[in-house]
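Trainee: Here's the letter readout for the chains.
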Amino acid sequence: MKFRVYRYDPESGQKPHMQDYDIETFRGMMLRDALKAIKAQDETFAFRHSCGEGVCGSDGVNVNGTNKLACVTPIADLKEPVEVRPFPGRPVIRDLVVDMTQFYEQYKAIEPWLKRKEPTPEQEILQSPADRDKLDGLYECIMCGCCSTFCPSFWWNPEKFLGPQALLSAWRFLADSRDQAKDERLDFLEGPYKLFRCHSIMNCVEVCPKGLNPTKAIGHIKELMLKKAV
Amino acid sequence: MSRQASGFRAWVYQRITAVLLLLFFVYLLSTLSFAPPADFVAWVEWLSQPLVRIGLLIFVGALLLHSWVGVRDAIIDYVHPLGLRITALTLLALWLIGTGLWVLTILG
Ligand code: SF4
Ligand code: SF4
Ligand code: FES
Numbered sequence: 001m002k003f004r005v006y007r008y009d010p011e012s013g014q015k016p017h018m019q020d021y022d023i024e025t026f027r028g029m030m031l032r033d034a035l036k037a038i039k040a041q042d043e044t045f046a047f048r049h050s051c052g053e054g055v056c057g058s059d060g061v062n063v064n065g066t067n068k069l070a071c072v073t074p075i076a077d078l079k080e081p082v083e084v085r086p087f088p089g090r091p092v093i094r095d096l097v098v099d100m101t102q103f104y105e106q107y108k109a110i111e112p113w114l115k116r117k118e119p120t121p122e123q124e125i126l127q128s129p130a131d132r133d134k135l136d137g138l139y140e141c142i143m144c145g146c147c148s149t150f151c152p153s154f155w156w157n158p159e160k161f162l163g164p165q166a167l168l169s170a171w172r173f174l175a176d177s178r179d180q181a182k183d184e185r186l187d188f189l190e191g192p193y194k195l196f197r198c199h200s201i202m203n204c205v206e207v208c209p210k211g212l213n214p215t216k217a218i219g220h221i222k223e224l225m226l227k228k229a230v
Numbered sequence: 001m002s003r004q005a006s007g008f009r010a011w012v013y014q015r016i017t018a019v020l021l022l023l024f025f026v027y028l029l030s031t032l033s034f035a036p037p038a039d040f041v042a043w044v045e046w047l048s049q050p051l052v053r054i055g056l057l058i059f060v061g062a063l064l065l066h067s068w069v070g071v072r073d074a075i076i077d078y079v080h081p082l083g084l085r086i087t088a089l090t091l092l093a094l095w096l097i098g099t100g101l102w103v104l105t106i107l108g
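First to last, the protein sequences are chains A and B.
At position 151 of the first sequence (counting the first as 1) the number is 151 in our numbering, and the numbers step up by one without a gap.
At position 76 of the second sequence (counting the first as 1) the number is 76 in our numbering, and the numbers step up by one without a gap.
Derived from the structure by calculation, the hints contain no laboratory data.
Since this is a predicted model, take the numbers as computed values, not measurements.
The beta-carbon is built from N, C-alpha and C at its ideal position, and this holds for glycine as well.
Treat the hints with caution; some may be incorrect.
Claimed, not checked - Straight-line distance between alpha carbons at most 20 Å, and here's what the computed SDA-like set of lysine to any residue pairs gives:
1) A:Lys222 <-> B:Gly70
2) A:Lys160 <-> B:Asp77
3) A:Lys227 <-> B:Ser6
4) A:Lys160 <-> B:Ala74
5) A:Lys227 <-> B:Gln14
6) A:Lys222 <-> B:Arg9
7) A:Lys228 <-> B:Arg15
8) A:Lys227 <-> B:Val19
9) A:Lys228 <-> B:Gly7
10) A:Lys182 <-> B:Gly7
11) A:Lys160 <-> B:Asp73
12) A:Lys228 <-> B:Val12
13) A:Lys222 <-> B:Tyr13
Said to hold, decoys possible - Beyond 12 Å from chain B on every Cβ pair, some chain A residues (computed):
14) Tyr6
15) Gly13
16) Tyr21
17) Thr25
18) Pro119
19) Thr120
20) Pro121
21) Arg132
22) Lys134
23) Glu140
24) Phe173
25) Arg197
26) Lys216
27) Leu226
The whole structure should be built from the sequences, with the hints applied where relevant.
Mentor: Put into structure tokens, the structure is as follows:
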């Protein structure tokens, strides 16, 4: 099967280019296996991966124009030649390896931990099954970055717009019955950039390998702001 | 809790004006297609009804506000150098205000 892979080594002084590889496939082969086969042919090729089962979130790449998690992408579904590029809009460190610093900074900015005003109890803070259900579709995010690096608003303003991943996580804490910092969190999200750069383009929903829906979470945040305002 | 200014409020204005615009469009389309004013005199008469005037004023106000938020968003997205952005926003504001005043002189 034919692959065209983005190659760039800033230290070499050469410009980025696409390199062709031909690899032998097997039944059930995932894109990550293909990248490993390429690496076996050409050890100068660099990409990130680890768990191999869609859990660690480290092998997000751009394949034939959309962001995907390589280890859960069957190559049988891909059109040849398969074009593999690094995430769009991110600075390339080498080949498919990109600098995700801004993505993590945005996650950090939403303060992704439970905040309590009351003193923390000795035991666990209990939650009803119904309240627990509100976290479904939110807590599963593996921070692969497929969504944020496919969001046009994040391309234009990665330092100011939180991006779908951080916004989904912001809602994950706003929706949590145990969290007691709702007003603070909402105040933080105010202003033209952090949340309101989202124009509901829904690229994020399209690419999330976990089937999560950041656009919906963003809609919930806006609704909650509206509820608090009237 | 105050949740003012440029983010949330702009979004709310955008939504409300969108509904107003839609309502007025439906009204305009239906009157103009079922009972279009036949000549200039009929047009003037149609426009001199207080309800039509008020509706039209609200419509233009909503249209201008809607455009302000929408184009402002596009400028924030794409125009990054500060000087250029301020210039673009100022021109936009002046143009919208001018349009508003112009409509007021016609209807006034
Ligand atoms: S819906 Fe919002 S967050 Fe998702 S891709 Fe579009 S602009 Fe980005
Ligand atoms: S929301 Fe989905 S695409 Fe975005 S980082 Fe989380 S798992 Fe990845
Ligand atoms: S290698 Fe861990 S998610 Fe793909």
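Trainee: Work down the list of hints and note, for each, if the structure agrees.
Mentor: Do the hints match the structure? See the list:
no. : hint                 : result
1   : A:Lys222 <-> B:Gly70 : 17 Å, holds
2   : A:Lys160 <-> B:Asp77 : 11 Å, holds
3   : A:Lys227 <-> B:Ser6  : 18 Å, holds
4   : A:Lys160 <-> B:Ala74 : 15 Å, holds
5   : A:Lys227 <-> B:Gln14 : 17 Å, holds
6   : A:Lys222 <-> B:Arg9  : 11 Å, holds
7   : A:Lys228 <-> B:Arg15 : 17 Å, holds
8   : A:Lys227 <-> B:Val19 : 19 Å, holds
9   : A:Lys228 <-> B:Gly7  : 15 Å, holds
10  : A:Lys182 <-> B:Gly7  : 18 Å, holds
11  : A:Lys160 <-> B:Asp73 : 14 Å, holds
12  : A:Lys228 <-> B:Val12 : 13 Å, holds
13  : A:Lys222 <-> B:Tyr13 : 13 Å, holds
14  : Tyr6                 : 26 Å, holds
15  : Gly13                : 29 Å, holds
16  : Tyr21                : 37 Å, holds
17  : Thr25                : 42 Å, holds
18  : Pro119               : 24 Å, holds
19  : Thr120               : 24 Å, holds
20  : Pro121               : 27 Å, holds
21  : Arg132               : 27 Å, holds
22  : Lys134               : 22 Å, holds
23  : Glu140               : 28 Å, holds
24  : Phe173               : 17 Å, holds
25  : Arg197               : 7 Å, violated
26  : Lys216               : 16 Å, holds
27  : Leu226               : 7 Å, violated
Hint check: violations occur at hints 25, 27; the rest are consistent with the structure.
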